[in-house]
Amino acid sequence: MSEKQIHEQTIEELYAEAQEHTINVGDVKIHAKRMGGKFRNLKWLSNLVWIVFFIGPYMRLGDRQAILLDIPNRQFHIFNLTLLPQDLWMLSFVLLFFAILLAVVTALAGRIWCGFFCFQTVWTDVFTWIEDKLEGGPAKRRKLEKAKWDLSKVIVRGKKYSLWFLIAFFTGMSFVAWFTDAYDLWVDFFTLNASSTAYITVGMFVVGTVFLAGILREQTCFWLCPYARIQAVMIDDTSIVPSYDVKRGETRGRIMKNKPAVEGQGDCVDCNQCVAVCPTGVDIRGGQQEGCIMCGLCIDACDAVMEKIDKPKGLIKFASWDGIMGKEELPLLKRPRVWVYSAILLVSVMGVVIGLSGMESLELKVLHARQPLFVLQSDGNIQNRYTLKVLNKQNEDMKVKITVDDSEFKGLTMIGVEKELVATHGTVTPVTIFIKVPRRNLTVTSQPIVFSIEGKDKEGNVYKSDRESVFIGPKR
Amino acid sequence: MSENNPFPDEGNTGHIWDDNIRELANPPPNWWMMAFWASIIFVIGYVVIYPAIPLATSYTKGVTGWTAIGEYNAAIAEVEAVRKPYEDKIAAKSAKEILADDELSAYVEASGKVLFGDNCAACHGTGGAGNVGYPVIADDDWLYGGTIEQIQTTITNGRKGMMTAHAATLSEAEIDTLAAYVVGLSEGKTEEKGKALFQSKACFACHGMDAKGMAALGSANLTDGIWRFESTDLLASAKQTIAHGVNAAGDAETRNAEMPAFKDKLSEADIKKMAVYVYKFGGGK
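Chains as they are written, first to last, in the working numbering: chain A, 227 to 702; chain B, 11 to 295.
Source of the hints: derived by calculation from the structure; they are not laboratory data. Mixed in with the good hints there might be a few duds.
[As the list claims (entries may be wrong)] Subject to a maximum C-alpha distance of 25 Å in a straight line, what follows is the list of computed PhoX-like cross-link-like pairs (lysine-lysine):
no., chain 1, residue 1, chain 2, residue 2
1, B, K99, A, K662
2, B, K99, A, K645
3, A, K662, B, K295
4, B, K222, A, K662
5, A, K615, B, K290
6, B, K199, A, K636
[Stated by the list, open to error] Here are the computed distance ranges between Cβ atoms for each label pair:
no., chain 1, residue 1, chain 2, residue 2, range
7, B, S104, A, K636, 38 to 44 Å
8, B, I63, A, F279, 49 to 55 Å
9, B, M44, A, F279, 34 to 40 Å
10, A, K636, B, G218, 38 to 44 Å
11, B, A62, A, V278, 40 to 46 Å
12, B, T77, A, V688, 58 to 64 Å
13, B, A62, A, W276, 39 to 45 Å
14, A, I249, B, E20, 35 to 41 Å
15, B, E88, A, K636, 50 to 56 Å
16, A, P700, B, S181, 31 to 37 Å
[To be verified] Short, incomplete list of chain B residues facing chain A, as computed with Cβ under 8 Å:
no., residue
17, G135
18, T136
19, D151
20, N231
21, D234
22, I236
Treat the numbers as computed from the prediction; the structure is a model and nothing was measured. Don't be surprised by glycine CBs; every beta carbon is placed ideally from N, CA and C.
Using the sequences and the hints, build the whole thing.
Below you can see the structure in the form of structure tokens.
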């Protein structure tokens, strides 16, 4: 902590520590310098998004958790909405939406997700912040790494790991809390009554969080995350990404006291601060690269130095390659990518909207018996057997009346509806129905037949659902 | 060999080929040795805990006493425990009472599939769809009656109906007339010449005056549209049956029709289950 921020350091001091900060090739641990700045503040703000992850499960709605992904009972509760396995197809649209959103954001503004929102970035950021507070700046941390394991090292490392494990534990508990009653989970967890799945999941999260965010850190982004590799094909020359203004910066060279700048020297004073603050240890001056998570921290660092040496800010800035090279930038609406991505986004949103609006509280599925397809009865009737599955998504059981549209079937009789069907809430109630139609009244082998159900809840609201099936008779 | 070892200090085994290719005596890597010792410790632990070493007539049991068959039996017992309350009720109740009980009949419908598949479906088809030569049991035409008790009796004792062969006692023309008559009956036509022959040849003795069959004898109802043996060429099939009978002794071309008794193969409870299961195909009366 005694290490100064860039603002307080002289150029000479900056040069003195410059060689300590090396480009990440995976051989040594990256200890990034932490400093304030515009993007640093933005990053803290964006990190806060994850607060929802921690407090979300404790929201209540009536007598249950507001958002509960109840896997054992096969139902997802999202506020007033209850999703059953039957609605799972909507998930594919939701996934499509997020996949495309990722592509859109990457094409337009690079890896905003990586730099500001990704759990790997956020947790690593918090973990290294704790490390920085406890162990000191990069130089001290490097020294501590090499130091012998004496009491003071054990204490400082112990503190660090305790905090890390505590965060990791909360992370695991919060994750599990989305899938089971959050309040019960805390009680059950410590009274050893929680399910083994809960213990295993929390355990995996504790180990995984400390390992990924505490130990692997940026190496996850470099060598584990596929997204880092995919992004190269998503970014084009028009994407706004952190860029080093090569035209202005080169030829880079150190400035000396009382010595005029060399002829043709650019604005980059080669202080290496952009590398020093980079959480993944890349040199942005080498251009856009796989390790860059586009968090903008190098921009903060460079701007601070530029301010110090009275040069205009923005030697490193969020800009497109076209912009840096002075090319005319294509307006947003003239880029085909924008249109294609927007169209896919729209389709996926519409899919979810249609799915949600078409969701019925009472749903009917009809399964026609396959063996036998039909049975000839002694009175000359053709009998078909159906299994009706009544899905009741209400919070109460409901009496359901089953009817069939017999306008196309002269002399139709329905057997199996003599007793009133009670559809149990939150699940599927099956019932077997026989339909008999005189053979002479059948004109085709297979004919559509429509079943309807109607139920009324306590408030008197009427729910209906129709389902078409087939009535099959002998070959003509 | 070691006297003229050109690489004396590198710790090789002294095996040298082609002047400079030599075998080094390097120890295995650390991770390999750790895995090696870990696996030995694992084996010791395994032998202590689980059955492991075969002996002459027995084997080492392990401290936990775990066995694969034990685990299997425990799992079976778990399932049986879930089923027990239902099975107990089924054992105590008659087939008719089971049928009237919604919960029990739902249980039978769900659990009877395996039993039906193992014992009945080979002839009667999945879902009671029937097969060539084997009756459909999903319809409501029953030779021996379709009440739940009658179905239970049929499964318990089996059935073997008999119809005498008439090839010797009837002329071919008479057989043609009778066949045309009964096929006509099923289509709602009454042909007077056939009717007279039906009376004079005493077909009614078994099939009844109205030709609707008698459940006590297992004789077929000739007036409905359902045929026991064939449903494509009805006329030829009827002639064959009249001429050679069903299970007629000494006639090589006779129809074979036998339902085996299941009282020795299935428990009484299982027979009740099958009666309910078959009844619920949709043909029970």
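Verification of the hints:
no., hint, verdict
1, B:K99 <-> A:K662, "violated (33 Å)"
2, B:K99 <-> A:K645, "holds (23 Å)"
3, A:K662 <-> B:K295, "holds (15 Å)"
4, B:K222 <-> A:K662, "holds (22 Å)"
5, A:K615 <-> B:K290, "holds (18 Å)"
6, B:K199 <-> A:K636, "holds (23 Å)"
7, B:S104 <-> A:K636: 38 to 44 Å, "holds (39 Å)"
8, B:I63 <-> A:F279: 49 to 55 Å, "holds (52 Å)"
9, B:M44 <-> A:F279: 34 to 40 Å, "holds (38 Å)"
10, A:K636 <-> B:G218: 38 to 44 Å, "violated (31 Å)"
11, B:A62 <-> A:V278: 40 to 46 Å, "violated (52 Å)"
12, B:T77 <-> A:V688: 58 to 64 Å, "holds (59 Å)"
13, B:A62 <-> A:W276: 39 to 45 Å, "violated (50 Å)"
14, A:I249 <-> B:E20: 35 to 41 Å, "holds (37 Å)"
15, B:E88 <-> A:K636: 50 to 56 Å, "holds (53 Å)"
16, A:P700 <-> B:S181: 31 to 37 Å, "holds (34 Å)"
17, G135, "holds (7 Å)"
18, T136, "holds (4 Å)"
19, D151, "holds (4 Å)"
20, N231, "holds (7 Å)"
21, D234, "holds (4 Å)"
22, I236, "holds (6 Å)"
In summary, the numbered hints that this structure violates are 1, 10, 11, 13.
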